[in-house]
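Use these hints to put chain L onto chain B, whose structure you have.
Chain residues, written in single-letter form:
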Amino acid sequence: MGASTITEAEIWEALREVPDPEIPTINVVDLGIIRRVTVGDPIRVEMMPTFTGCPAIDMMRQDIEARLSAFGPVEVVVVYDEAWTSDRITAAGREMLRAADLAPPPHGAIRLTPVPVTPVACPYCGSTDTQIENLFGPTPCRSIFYCRACRQPFEQFKAV
Amino acid sequence: MRAEVTSALGRYLLTVADDELILGYRDSEWTGIAPLVEEDVAFSSLAQDEIGHARLYYMLAADLLESDADHLALGRGPDDYYHATVLETRTTPKYDASGAHRGGGDWARAVARRFLYDLFDDLRTDALVSSSYAPLAGAVQKIRREEQYHLRHGAAWWRALASAEGEARERLEGALLALWPGLLGLFEDAPGEDLLVAEGLLSRRTSDLRDAWLERVQDHCAAVGIRFPAERTAAGWSIAVSPEAGGRQGRHGPAWAELYDEMTMVRRLEPEAVW
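Line order of the protein sequences matches chains B and L. Once you know that position 107 of the first sequence is 107 in the working numbering, the rest is easy, because the numbers rise by one and skip nothing. So the number in the working numbering is just where the residue sits in the second sequence, counting from 1, plus 1000.
What the hints contain is simulated information worked out from the structure, not anything from laboratory work. Backbone N, C-alpha and C define an ideal beta-carbon position, used for all residues, glycine too. Be careful, since some hints might not be right.
Unchecked claim - Here chain L is said to cover these stretches of chain B; the calculated rule only asks that three of the stretch's residues, wherever they fall, bring their Cβ under 8 Å from a Cβ of chain L:
1. 23–37
2. 81–91
3. 129–136
Next comes chain B alone, as it looks inside the complex (with noise of 0.2 Å):
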């Protein structure tokens, strides 16, 4: 296949087949991690990473090439010059991230108070009758809490 043939709205539907290797229910571009597509030889993607310090990225890079590999030579860009919010995670993303048993984070940026002001609502049983339990969890992007009502913990991807 030709780049000339290619489309860009081919390559983000494709870009929705890559999981993220930590939370494989959710994708790269709905969790909001690719800000721009350029089809061109090679095909260049942009992608933000949501913590620095996160150690997928890497392996997001290759699982981005790997699968775009079939439409030419690819090149993926880690960029740092803008924020990653967790905004950027689509409506169907947050649903997503309900099907791993994750908590969505709230919309709006954080504040720094010494407990989150939103109510968290446990992804098992609905109820927001919950407590934080650490503010850092498995991975840099998640928050451990405590549902009271259905004596569940459960992991929130974090509001960044």
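Chain L in isolation, oriented as in the chain B frame:
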């Protein structure tokens, strides 16, 4: 950018990156031995964030200095690291293969150093967020969002230790006094900061951040009733001790030799390895 400005900015960014790398490295030593399992998770995450920030600053510095980030992080000689000396000391018990891990560990010192450093780093990144060098301004905006979690974590532990009866509070007070000269050493300028301010790359010199930091720390001490080790007089701040300077010039203490040796061991054995 003129050559002298490029090299001053590269040198300044190494200072920032080295601070983040060295604190990240030392805090990662709590993984598995923090006093609570939640803090194993938290300190590991804090350390991972800082090392990620260091990597980003090294990438920016590498562009300016025509080097590469891995070399800057792990390939320089020990006298070419510019972190403040307060960040290089160990807060964990030293591992002993015989199983006798005794002495030297101090969680309160780890908590105090991290929180008081983060208060400093918040002021420093604020001085970079509107830098005329767009890649730096963009990167710092990202870093500042992540740092909100660090500050929140630090403030919670500061209150928790100070409001506990007995040993926890005594250790926090002791840590503040022991760290004090070293913390003041954070405010030593890197060479060329005047030029960077004149060029709009940096809004304030590192030394100009000190008074705002002292006020913040004083407020956090007052909030929990801990004695603050400086006094404000009509003539300005009165501080009884001399800052532990030299780090920004590449002069370090005995803890650095051990840390440098350990941190660069793999790189020296296998220079082509990538992280």
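Worksheet item: Can you give the numbers of the hints that this structure goes against, from lowest to highest?
Response: 1
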